[in-house]
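Protein chains in written order, with my numbering: chain A, 1 to 345; chain B, 346 to 730.
Think of the hints as simulated: they come from the structure by calculation, not from any bench. None of these values were measured; they are calculated from a predicted model. Every residue gets a Cβ at the ideal spot worked out from N, C-alpha and C, and that includes glycine. Please note that the accuracy of each hint is not assured.
Restraint ranges, calculated between C-beta atoms of paired labels, are given here [claimed, not checked]: (1) A:61 to B:691: 31 to 41 Å; (2) A:84 to B:680: 20 to 30 Å; (3) B:658 to A:97: 47 to 57 Å; (4) B:616 to A:213: 37 to 47 Å; (5) A:61 to B:360: 30 to 40 Å; (6) A:149 to B:491: 26 to 36 Å; (7) A:186 to B:467: 37 to 47 Å; (8) A:212 to B:514: 52 to 62 Å; (9) A:188 to B:698: 43 to 53 Å; (10) B:458 to A:186: 20 to 30 Å; (11) A:238 to B:691: 51 to 61 Å.
Footprint (simulated), chain B over chain A, 3 or more residues, beta carbon under 8 Å [what the hints assert, rightly or not]: (12) 125-131; (13) 274-284.
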Amino acid sequence: MNIDRRAFFKIAAAGAATALCPASAAARPPKELPPEAVGILYDATLCIGCKACEVACKAENDMPMAHDTPLERAHGVAGTWDADNDLNSRTMTKIKVYTSGTAAVKDREEDGFSFIKRSCMHCVDPNCISACPVSALTKDPFTGVVRYNPDACIGCRYCQLACPFNIPKFEYDKAFPKIVKCQLCPDRLAAGGIPACCDACPTGASLFGRLPDLLTEAHRRLTFKPGERQQYPVRRLDGDEQRAAEVTGYYPKVYGETESGGTQYLMMAGVPFDKLGLPPVGDTSRAQLSETIQHTLYQGMMAPTLLLGGLVFAVYRRTHAEQEQEDASEGVEPATEAREGRRDA
Amino acid sequence: MREVYRPIGGKLLTRHFYFMGVLVLIGAFFMARRFIFGIGDVANLSDGFPWGIWITYDVVTGTAIACGGYAMALLVYIFNRGQFHPMIRAALLTSVFGYTLAGLSIVIDVGRYWQLYNVFLPQYANLNSVMLEVALCVTLYTLVLWIELSPAILEAMKDNRHLRQVRHALFFFIGLGILLPTMHQSSLGSLLLIAGYKVHPLWQTNIIPLLFLLTAITMGYAMVVFESLYAAVNLDRPIETDLLSKLSAIIPWLLILYLVLRISDLVWTGAIAALLKPGPEPLLFVLETALFLYAIVNLLHKERRVRPRVLFWTALATILGGSLYRFDAFLIAYNPGPGWQYFPGVGEILITLAIIAVEIMAYLFFVKKMPILLAARPARLGAKA
Chain A
1 MNIDRRAFFK IAAAGAATAL CPASAAARPP KELPPEAVGI LYDATLCIGC
51 KACEVACKAE NDMPMAHDTP LERAHGVAGT WDADNDLNSR TMTKIKVYTS
101 GTAAVKDREE DGFSFIKRSC MHCVDPNCIS ACPVSALTKD PFTGVVRYNP
151 DACIGCRYCQ LACPFNIPKF EYDKAFPKIV KCQLCPDRLA AGGIPACCDA
201 CPTGASLFGR LPDLLTEAHR RLTFKPGERQ QYPVRRLDGD EQRAAEVTGY
251 YPKVYGETES GGTQYLMMAG VPFDKLGLPP VGDTSRAQLS ETIQHTLYQG
301 MMAPTLLLGG LVFAVYRRTH AEQEQEDASE GVEPATEARE GRRDA
Chain B
346 MREVYRPIGG KLLTRHFYFM GVLVLIGAFF MARRFIFGIG DVANLSDGFP
396 WGIWITYDVV TGTAIACGGY AMALLVYIFN RGQFHPMIRA ALLTSVFGYT
446 LAGLSIVIDV GRYWQLYNVF LPQYANLNSV MLEVALCVTL YTLVLWIELS
496 PAILEAMKDN RHLRQVRHAL FFFIGLGILL PTMHQSSLGS LLLIAGYKVH
546 PLWQTNIIPL LFLLTAITMG YAMVVFESLY AAVNLDRPIE TDLLSKLSAI
596 IPWLLILYLV LRISDLVWTG AIAALLKPGP EPLLFVLETA LFLYAIVNLL
646 HKERRVRPRV LFWTALATIL GGSLYRFDAF LIAYNPGPGW QYFPGVGEIL
696 ITLAIIAVEI MAYLFFVKKM PILLAARPAR LGAKA
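Only chain A is shown next, with the shape it has when bound in the complex (with noise of 0.2 Å):
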């Protein structure tokens, strides 16, 4: 009787042998900056919060404004404000504003105030790719721009409990529902362009380029001394359109360039991150530990196999004993009452 127990802890034991050992070693590394990577650099100092951007993106992707009611019976207007107050299925990009105190001061984080603008991170390591059991998001392997296939979606939400930055928007509101999120504009950028909201950004806040020149350039503006003034690049990095501005200080840290294992939206502000609304997100990416935890427990379905193997190898031997002890017991006594009552195994 204690055979099969042995022979289950012998499985169990290869099993866990298997899947334990090489655990360290096959930690899953760090995802790599595709090489063609593009983003965004937004520099809270130079925005001047006036949404030209949202209501490019808007333009860009069709999405519809949003209507308050009450706001606008109480002004007598319709159709003045684009409503909603943060990122939603009708909104892929959206200015917030930080005050404090008086708020008297631009970019200072005692009785001053900031803009930040929120949208799709872009990811080197997303989260959301790792977690959507049918690959409906993907990260094109060379601008690295996060993408969305509604065809393959079965919209169970996985993306928007695993983004650390709360992106992925839902339809509640529809019979067929998608995910929204914000895809750098793929249309204008297969033609050479680039996104609606930088193309629309007057000061050069939001600014387009290749990743690594971004993140130089956002390193440079780290050096800038307050009061200076200084040539900032307007729209894309890469173009010729520049604009002098005063320096007002920089909190010493570019947001994205270690958050999350990197993103290709890099952030740069007068006032410190956490105010601003940003989570407290550690420098590796949370797909990282799920894949390595997972592949580390199943190897290839290598483990699981082979504890199937012995699983059935136990049950048989108890079934079958069962069933060769029971058809012996049928010859010789003539079942009634237990001809009827079934043996289930």
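Guided by the hints, dock chain B onto chain A, whose structure is given.
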């Protein structure tokens, strides 16, 4: 070993049954609304809380409660405790409906349900996705459960030819039926790994797959005890105190293992410090632990363990503790950031209640019409077993 299973018969359309039927009709109304007007019409789900009670209760908790079939198979076939064999069919029955209705909940919860079959298409498969593993495994296991239960149905139909064929292959499906829940019950916990900071540090841990698996098995045993006592009280069946007491004796050891692992992991990672922070989370953690400790303390006592009342309350405490653990991890102690809140909507709750009602109605139908529960064993056969 040979057992005699019999349909217990009796009137099916009782007042109790009609009440469940009304709940199902109300739920069906809200389900229709969900499909016509969208999820937001009935549910309070949001971009911050994409998963509500449909996932947390119907799928994550519901399938854990439905682990009876798995837990009993593990005991009988792998740990060779043949004495529990008579309880397997009843355990399988609750498992079958728990899993089948979890599948139904997924169809309701998922936004683009008409494309749900994409999960089975290789060109879309993302082998890095924990969700893919859960989806495939749960679907396959639901099929396996129906195959494992099919002898009872075939017996009721007196289809002896198919019965014989199923019996010959059954050992394979029993083996598969032990592997699959081991995989997806742990992966249901792994789903949360990627959510990172959104899951409270008292619940977010790298050993979450192990903790989910352990509690699922324990809840499976508790559910078998609970279901057996329910049948004894409501269906006028003899109380199988002897077997239930032996079965319940396993529960405290699994819970002790779980608590030791969970607490030492919290100490090891330093996340235990979160217990001293203000807010409801430390209280929830204490409540979970208290429910488990209640079961442990009472079930470790041999004299207390033989009392049906103790068996009932400890089984309930174990089920509640395991359920609370899942609710805390997925919903209550889940925080996507400032500004997001979730409490289930009326329609959302009524759909879940309807699904539970279907489970109970199906259970009553099966035990009354099919050979699921053990007929009182004749002394001769009893002695042999």
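Which of the listed hints are broken here? Numbers 5, 7 - these are the hints that the structure violates, sorted from lowest upward.
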